[in-house]
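Visitor: Residue strings, one per chain:
Protein chains: 2
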Amino acid sequence: MTQKHAALLVIGNELLSGKVADQNIVVLARMLRSLGVILARVAVIPDERPLIASEVRALAAAHDVVFTSGGVGPTHDDVTIDGVADAFGVAVAVFPELEAMLRAHYREHLTEGHLLMARAPVGARLVSTAEHPWPTVVKENVWILPGVPAIFAMKMAVIGAELGGAPGFVSQAVYTTLDEGPLKPLLDRVVAAHPEVEVGSYPKWRDPRYQTKVTFDGLDEAKVLAARLAFEASLPDGTRAHVDDE
Amino acid sequence: MTQKHAALLVIGNELLSGKVADQNIVVLARMLRSLGVILARVAVIPDERPLIASEVRALAAAHDVVFTSGGVGPTHDDVTIDGVADAFGVAVAVFPELEAMLRAHYREHLTEGHLLMARAPVGARLVSTAEHPWPTVVKENVWILPGVPAIFAMKMAVIGAELGGAPGFVSQAVYTTLDEGPLKPLLDRVVAAHPEVEVGSYPKWRDPRYQTKVTFDGLDEAKVLAARLAFEASLPDGTRAHVDDE
Numbered sequence: 001m002t003q004k005h006a007a008l009l010v011i012g013n014e015l016l017s018g019k020v021a022d023q024n025i026v027v028l029a030r031m032l033r034s035l036g037v038i039l040a041r042v043a044v045i046p047d048e049r050p051l052i053a054s055e056v057r058a059l060a061a062a063h064d065v066v067f068t069s070g071g072v073g074p075t076h077d078d079v080t081i082d083g084v085a086d087a088f089g090v091a092v093a094v095f096p097e098l099e100a101m102l103r104a105h106y107r108e109h110l111t112e113g114h115l116l117m118a119r120a121p122v123g124a125r126l127v128s129t130a131e132h133p134w135p136t137v138v139k140e141n142v143w144i145l146p147g148v149p150a151i152f153a154m155k156m157a158v159i160g161a162e163l164g165g166a167p168g169f170v171s172q173a174v175y176t177t178l179d180e181g182p183l184k185p186l187l188d189r190v191v192a193a194h195p196e197v198e199v200g201s202y203p204k205w206r207d208p209r210y211q212t213k214v215t216f217d218g219l220d221e222a223k224v225l226a227a228r229l230a231f232e233a234s235l236p237d238g239t240r241a242h243v244d245d246e
Numbered sequence: 001m002t003q004k005h006a007a008l009l010v011i012g013n014e015l016l017s018g019k020v021a022d023q024n025i026v027v028l029a030r031m032l033r034s035l036g037v038i039l040a041r042v043a044v045i046p047d048e049r050p051l052i053a054s055e056v057r058a059l060a061a062a063h064d065v066v067f068t069s070g071g072v073g074p075t076h077d078d079v080t081i082d083g084v085a086d087a088f089g090v091a092v093a094v095f096p097e098l099e100a101m102l103r104a105h106y107r108e109h110l111t112e113g114h115l116l117m118a119r120a121p122v123g124a125r126l127v128s129t130a131e132h133p134w135p136t137v138v139k140e141n142v143w144i145l146p147g148v149p150a151i152f153a154m155k156m157a158v159i160g161a162e163l164g165g166a167p168g169f170v171s172q173a174v175y176t177t178l179d180e181g182p183l184k185p186l187l188d189r190v191v192a193a194h195p196e197v198e199v200g201s202y203p204k205w206r207d208p209r210y211q212t213k214v215t216f217d218g219l220d221e222a223k224v225l226a227a228r229l230a231f232e233a234s235l236p237d238g239t240r241a242h243v244d245d246e
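Quick note, the sequences are listed as chains A and B, same order. Our numbering puts the first residue of the first sequence at 1, with every later residue one more than the last. Our numbering puts the first residue of the second sequence at 1, with every later residue one more than the last.
These are computed hints drawn from the structure, not numbers from a lab. Because the structure is a prediction, the values reported are computed rather than measured. Just so you know, not all the hints are guaranteed correct.
One copy or any two copies: either way a pair holds, since identical chains are not told apart in the list.
As the list claims (entries may be wrong) - Dumping the calculated DMTMM-like pairs for lysine to aspartate or glutamate here, alpha-carbon to alpha-carbon at most 25 Å:
| hint | residue 1 | residue 2 |
| --- | --- | --- |
| 1 | K19 | D217 |
| 2 | K4 | E232 |
| 3 | K19 | E48 |
| 4 | K4 | E99 |
| 5 | K204 | D188 |
| 6 | K19 | D86 |
| 7 | K204 | E99 |
| 8 | K204 | E140 |
Throw the hints in and build the complete structure from the sequences for me.
Guide: Below, the structure written as structure tokens:
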């Protein structure tokens, strides 16, 4: 079974200027991992319509599915909807279903500004679930997600409902008191002997419990387990650290 | 005075798989902002040598300075040094200065694996300061930084010492109880009247103190202040929120 490949395009001057720290990358990465979808690339770019258009066009052509984060409010720096429309060479239109939901939500406080959030690229579909009735705009293979972390995280359930079905990745970890210098030959051996398992090595800086976390990832649990056990058996006595998974 | 433009290339399967959350983007973004350098793009890609090479080549050609994060240890998944060398069409060599520091550091625990960290692209220079004597490898306009957050953060002082000198950005913020719907016409007016000031609008989700944070950024403090005061004067009575900067 071939895995789907995804890309995330994070749009926001506030991230590039350091005003706020990104919270969305890891949330999407974990969701996709659980769905067996490979997140192949993340890009962070400013709120510039031509740049958004060219990035979306390139990412959408090279990946099965693309997610954008940010730039979907009503103000001057919210140009993601227009950028995605440009990427596909279509106009932007007011979607009656979105307008009706905005009118019902804001009622007597509704402004022209709020109604700008009823705009979406022509031909987009609106995805929702019973638990998450507020629609998510999807144009071709591009999911347009809000950047506000609390709302971005809520959208993960909708993505799971739509993209789920493939088996997810299995991940196991071993902690050791060895640093990467003496570990290198042991890692080379397990990597060579278990080609279908992805082996990661992550040094920890000044942790009294261990020096390196070694991870084993793959789609086949038996193969992941075999690689981990082979690696553990190769560790010198007394160099395995017992750490609760972090 | 023209601002320098920078890019950050984050290298690491562990970020794309959601095993760890990035901590480095905001650290570099803030440092560059204080130096008056514009961070124009961030990309996150896997530990794949050909991909690193093509990304570094493209980013180095399009930006004044590029920083890489991650992939500089001694194990099979540490291929950043080789990828940067490939980007510039040069070989990798053992640098005697790096080898001497590794031998002095590890002493009798030194392994062949450790010595792999003495490798750097041919023609790279080694940057250090009196406070941070461990060298940072810089090839052409590409700074090769470690991904471990504690060490990455320590490198910021070296970057500041080397790239400092230009005036930094000034940033001011106003908080309001208005949401972006009614704010839109006020924002459009201040944006149009103050073209040299970058105006950002950031909705807060379910905060009892305010609904939107509006930021004013620029290189000229007087112009930033003028834009902020004009915006504040345009806010309806009672809609300004007094929040300690966050």
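Visitor: Broken hints, numbered, in rising order?
Guide: 2, 4, 6 and 8
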